[in-house]
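Heads up: the sequence shown begins at 2 in the numbering used here, then just goes up one per residue.
Just so you know, the hints here were simulated from the structure itself, not pulled from any lab data. Take the hints with a grain of salt, since some may be wrong.
Here are the simulated lysine-lysine pairs, DSBU-like style, with alpha carbons at most 35 Å apart [as the list claims (entries may be wrong)]:
hint, residue 1, residue 2
1, K255, K232
2, K49, K277
3, K93, K232
4, K255, K277
5, K232, K277
6, K60, K93
7, K93, K49
Quick caveat: nothing in here was measured; it's all calculated off a predicted structure.
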Amino acid sequence: MSKVTKTLSGSCYYRFGSVKKMLFILLCAFMSQPLWAQTEISTVDQLKSIMDNPEGSYKLVADLSLSEDWVPLGTTDDPFTGTFDGNGHIIKGLKFSDETANNVGFIGVAQNATIKNVGFEDVYFIGRADVGAIIGKATASTIEGCYTTGYIQGYDHVGGVVGGTYPTDPEGNGKSMIFNCFSTAEVVSVSYQCGGILGLAADVEIHNVYFAGVCSTPNSNTGGIVSLIYKASEVYGDDANIISNSVVVSPYLKGGTITRRILANRGDNDKGMPYKLMNNYALQNMLING
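Whole structure, please, built from the sequences with the hints as guidance.
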């Protein structure tokens, strides 16, 4: 019987066969949840209106299920810069399909934003570049205590949680963080860069996550956690990109060039980009390009 030989040190993940909602509750129990100046969200219409105040702080107070198509919140010119606290609730049935659209997800573009304590179930997202269930394109943003299920597809920079993370400026000055999250989604890139958690990585730390879905692309890199590190700002030195205490329990990963269980490609120059991998594990008999 295949098994993960070591659990995630310092996290609340102990048994991967547990019901995901129970795991989600345990994750949320460890999160601090400030309550001041928050706008409560209890309807789909209120959820859609978040971009009326993209700098606001929002708290979900009910599970929501959508039947109509979703329009990703935030654009390059007008990113979401606030806080969204799911408060342990679930958003179900987000769907968007446009193969020409970049920055696709619950949040299209996020900058200095926080998304936490929320589950995204049965998402169906199809876009072009920077496609992820929670955030398409993230800069200096935090995703914590979240999970995703469903189907995510793009042409490039596709991830089960975030499509791509980007530095704020040439000097760095802002890292993205993804921690205490998991995904069981099917993640597909029809061309380049497919990651179970994150497609394209720049100035990001990923801690205490796991991926139990499937991930594939025909022409490029596939990674169980991250596909490609493309940027590492000098200000962070060797700590520019970090993946730690994470596990991949996928049945298979498929890639066109490089396929690896945790990080597929560290960069496209001779030395690669600075990165650290610490205390990460994967199934021994996982099919690679199987």
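Unsatisfied constraints (hint numbers, rising): 2
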